[in-house]
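**Q** Let's have the full structure, built from the sequences with the hints guiding it.
Counting in the working numbering, the sequence shown tops out at residue 142, every number present.
None of these hints come from the bench; they were simulated from the model.
By construction, the Cβ of each residue, glycine as well, lies at the ideal position given by its N, Cα and C atoms.
Errors might be hidden in some of the hints.
[As the list claims (entries may be wrong)] Now the in silico label distances, taken between C-beta atoms and shown as ranges:
(1) GLU104 - THR71: 37 to 45 angstroms
(2) LEU48 - THR123: 22 to 30 angstroms
(3) ALA140 - PRO32: 45 to 53 angstroms
[Claimed, not checked] Simulated pairs of lysine to any residue, SDA-like, Cα-Cα distance not exceeding 20 angstroms:
(4) LYS47 - TYR90
(5) LYS24 - ALA41
(6) LYS24 - LYS47
(7) LYS47 - LEU18
(8) LYS24 - LEU43
(9) LYS47 - LEU110
(10) LYS66 - MET76
(11) LYS47 - GLY122
(12) LYS64 - SER53
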Amino acid sequence: QRALDLSLRYAKERHQFGRPIASFQLVQAHLAQMKLDLEASRLLTYQAVAKKLKGERYTLEASMAKLFASEAANRVAYRAIQVHGGYGFFEEYEVARLYRDARILTLYEGTSEVQTLVIGAHLTGVRAFG
Numbered sequence: 013q014r015a016l017d018l019s020l021r022y023a024k025e026r027h028q029f030g031r032p033i034a035s036f037q038l039v040q041a042h043l044a045q046m047k048l049d050l051e052a053s054r055l056l057t058y059q060a061v062a063k064k065l066k067g068e069r070y071t072l073e074a075s076m077a078k079l080f081a082s083e084a085a086n087r088v089a090y091r092a093i094q095v096h097g098g099y100g101f102f103e104e105y106e107v108a109r110l111y112r113d114a115r116i117l118t119l120y121e122g123t124s125e126v127q128t129l130v131i132g133a134h135l136t137g138v139r140a141f142g
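**A** Rendered as structure tokens:
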């Protein structure tokens with residue numbers, strides 16, 4: 013969420029060719045995709061939590077939420093860098109740290125590959141790993 017918030021503010025404040033870059037189609041497309049990734053991540057997470065709170069099995073939903081949200085965080089951080097342009101890599105801009113930090117999300121508490129195997133095993137009823 014922070015990457016989107018920073019990108020929105022930057023896009024409204026940064027001007028090129030006499031207008032804010034928020035008026036550029038590609039910048040708007042990046043911002044829209046960021047919002048979609050964030051909302052879809054939230055909904056998948058809420059779905060897993062709802063099952064857990066009901067006392068139901070939620071392994072599939074938790075794996076889907078973890079996989080999607082961690083990959084989405086990387087996409088959102090990447091798009092934040094794109095919106096910020098070259099400034100996005102400067103340490104003075106928070107999006108540079110967010111971009112670096114997002115990468116670990118696909119690794120700890122089960123890599124993206126492991127989450128994919130968990131989902132596949134749940135769907136097929138056959139474990140692909142020992």
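**Q** Each hint: holds or not?
**A** Here is what the structure says about each hint:
1. Distance hint check: the CB atoms of GLU104 and THR71 are about 42 angstroms apart, consistent with the given range 37 to 45 angstroms.
2. A beta carbon spacing of about 24 angstroms between LEU48 and THR123 agrees with the range 22 to 30 angstroms that was offered as a hint.
3. For the pair ALA140 and PRO32, the supplied restraint of 45 to 53 angstroms holds, since their beta-carbon distance comes to about 49 angstroms.
4. Restraint check for LYS47 and TYR90: satisfied, since their Cα atoms lie roughly 13 angstroms apart, inside the 20 angstroms limit.
5. A hinted pair counts as satisfied when its Cα atoms are at most 20 angstroms apart, and LYS24 with ALA41 qualifies at roughly 14 angstroms.
6. Our distance criterion of 20 angstroms between C-alpha atoms is met by LYS24 and LYS47, whose separation comes to about 16 angstroms.
7. Straight-line distance between C-alpha atoms of LYS47 and LEU18 comes to about 13 angstroms, which keeps the hinted pair within the 20 angstroms bound.
8. Of the supplied pair hints, the one linking LYS24 and LEU43 holds, its CA atoms being roughly 12 angstroms apart against a limit of 20 angstroms.
9. Note on LYS47 and LEU110: the hinted pairing holds, with a Cα-Cα distance of about 16 angstroms set against a maximum of 20 angstroms.
10. Between LYS66 and MET76, the direct Cα distance comes to roughly 18 angstroms. Compliance with the 20 angstroms bound is thereby established for this hinted pair.
11. At roughly 25 angstroms between alpha-carbon atoms, LYS47 and GLY122 are farther apart than 20 angstroms, so this suggested pair is violated.
12. The suggested pairing of LYS64 with SER53 holds, with an alpha-carbon distance near 17 angstroms, which does not exceed 20 angstroms.
Hint compliance for this structure: hint 11 is the single one not met.
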